[in-house]
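What follows is the residue order along each chain.
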Amino acid sequence: MPELTEPEMTEPELTKPEPAESVRYGVSASEISSQTVLFVTVDEYLEVAAAARDDGFDQLIDLTAVDYLSYPGARARPVDVQPERFEVVVQLIDHTSGERLGLRVQVPATEPTAPSLFDLWPGCENLEREVFDMFGIEFTEHPDMSRILMPEDWIGHPLRKDFAVGDVPVQFSEASAPR
Amino acid sequence: MTAERVMRRGDDSAVLRLSEAEAARIGGDTADPADDERVMLNMGPAHPSTHGVLRLMLEMEGETVLRSKPVIGYLHTGMEKQGENLTYLQGCTNVTRMDYASPLFSELAFSLTTEKLLGIEVPERATWIRMLMCELNRISSHLLFLATNGIDLGAVSMMIYGWREREEVLRFFEKVTGLRMNHNYIRPGGVAADLHDGWQGDLRELLELIEPRLDEYETLMTGQPIWRERLQGVGAINADEAIALSATGPLLRSTGYAWDLRRDEPYLAYDEVDFDVIVGTYGDCYDRYAIRINEIRESMKIVLQAIDKMPGGDYRLQDKKVTPPPRIRLDESMEALIHHFKIFTEGYKVPKGEAYAAVESPRGELGVYIVSDGSSTPYRMRVRPPSFINLQTLPHLMRGGLIADGVAIISSVDPILGEVDR
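Heads up: the sequence lines are chains A and B, in that order.
At position 63 of the first sequence (counting the first as 1) the number is 65 in the numbering used here, and the numbers step up by one without a gap.
At position 212 of the second sequence (counting the first as 1) the number is 488 in the numbering used here, and the numbers step up by one without a gap.
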């Protein structure tokens, strides 16, 4: 057994990803963990997505969201981006060049809606339903905006940071009393 | 080729966009009461061919499936929410329970993402052990597919054979990781334990056992007219449609589209081993079956190369921040005991930021996206579930086919409901 030195229990360094300022499809872009990420508002979202699709991003890999309600401190975002509570996280892939592109849509808590990408990539159907179910972000023009994982009569959106977890009764709207 | 078929929104779409409450209200009738040929049919969630608790709402005309809707969520246990309350070290025990047929891939994706955030690199031996174990897991997962695909189509002996060979692979896993499933073996910083003495011999024995058995399966199924009749031309999809629906893995490759993250975005040491990406032609159930049986052979090739090329050295990173001290040190050093205790209770802190890493699981691209707030638990832990997304193709594959073919199609998509629902 080789002699091992004792560990130092120091605080790890907190490094922020340094946003490399650049512009793509008319919006500010950053490099986050070796991937180009575009920051868009709800209004710009569909237009930028359509431009990316025309540019060769043929497949939608993932669509999810993050609720930044209780995030400590500032997020590493370009200066001209107005951070909102919800961020819809989209990942696209261009199979020809192998490039991946991220989109971060700032969705305000006061009006949690965003346009659906169904007409560009129909593969977003279940993913958008999941985001609606878990975060309560509604996608307009979606063909079937309904819950997917939780029961249809569930109240609340579980992945929101203010969704109570733990000792709560099962929340079905028709339940007569806490079980 | 066009993807117009999957872009439809109206009643001519293959997807039945009807709520459960509405379906319960209209009962067995369809929306148009004058049309007495059409009925609504429920299949599952407790049905032997639905691979877990998948429920389908089917609109039928006679025996033909028109529109359908997979109703999921019966296994939803909030694992992504749970992931926000577990430290990075505990995270693997959580994600490994998602895709229970190929648990090592979820652990790998989670570990790769965490390592990206930490900015650490694991030793070479750990990388190769990870690759070796994942390829064995691919073999066991595809064997499970062959078994269930067999029983769904009436090849009952195939089910016994598939489970039998899978068990041999799991026996090797048990020797290495201590568990048959839900290993928690791949962890941020490396793997939990080194390979045991004589692992090369065990593996060679295992591969020698599986090789002739695969030929046996080919005799039993591949060439058989009944098997071909049952699968060829059933549930066909073209490459444009598969890409439009975000499908990945064997489902996408069956259409002739060669996309495999192991080759196209090499992670671990896949750029140092030699293997082929198997593609189909017609995108039907037969291609999806043939791809998987041949992927077992490719995985065996990789395993053999890994036996020969396995480098020496450490099986985990000797970075005190993420690695607990060796067990023997706990008996002799107070500091080691404290260190051990701290890592397992408090965990280690991960710098602020976000990262995504993806691996090619037996079902497609399995990715983990983590947002870290600088604490020892992820702020948000998202798993890109290949089964959940591939399940979207199901209504399109089933439309216009017979209900009996539906069973073959569900099986050929190979969804694992633990990962669909999470």
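Take these hints with a grain of salt, some might be off.
As the list claims (entries may be wrong) - Straight-line C-alpha distance at most 27 Å; calculated DSS-like pairs for lysine-lysine:
(1) B:577 - B:357
(2) B:451 - A:163
(3) A:163 - B:577
(4) B:597 - B:625
(5) B:577 - B:451
(6) B:392 - B:625
(7) B:597 - B:392
(8) B:625 - A:163
Said to hold, decoys possible - Far from chain A by the CB rule (all over 12 Å, computed), these chain B residues:
(9) 279
(10) 352
(11) 435
(12) 501
(13) 522
Treat the hints as calculated values from the structure; they're not laboratory data.
Glycine included, C-beta positions come from ideal geometry on N, C-alpha and C.
Going down the list of hints, with the structure as the test:
Proposed proximity of residue 577 of chain B and residue 357 of chain B is contradicted: the alpha carbons are some 39 Å apart, above 27 Å. For the hint pairing residue 451 of chain B with residue 163 of chain A, the CA-to-CA distance comes to about 41 Å; that exceeds 27 Å, so the pair is violated. The straight-line distance between the Cα atoms of residue 163 of chain A and residue 577 of chain B is roughly 46 Å, outside the 27 Å bound, and the hint therefore fails. Pair hint residue 597 of chain B plus residue 625 of chain B holds up; C-alpha atoms about 9 Å apart against a cutoff of 27 Å.
In summary, the hint linking residue 577 of chain B to residue 451 of chain B is supported, as the alpha carbons are separated by about 22 Å, within the 27 Å threshold. Restraint check: the Cα-Cα separation between residue 392 of chain B and residue 625 of chain B comes to about 13 Å, which is no more than 27 Å; the hinted pair holds. Taken as a hint, the residue 597 of chain B and residue 392 of chain B pair is honoured in the structure, with Cα atoms around 15 Å apart against an allowance of 27 Å. A C-alpha spacing of about 20 Å is found between residue 625 of chain B and residue 163 of chain A, which places the hinted pair at or below 27 Å, so the restraint holds.
Not every C-beta of chain A lies more than 12 Å from that of residue 279 of chain B, the closest at about 7 Å, which undercuts listing it as non-interface. Not every C-beta of chain A lies more than 12 Å from that of residue 352 of chain B, the closest at about 4 Å, which undercuts listing it as non-interface. For residue 435 of chain B, the condition that its CB be more than 12 Å from all CB atoms of chain A holds, with the nearest at approximately 30 Å. Under the 12 Å C-beta cut-off, the non-interface status given to residue 501 of chain B relative to chain A holds; the minimum distance is some 36 Å.
The Cβ of residue 522 of chain B sits about 3 Å from the closest Cβ of chain A, inside the 12 Å cut-off, so the non-interface label is violated.
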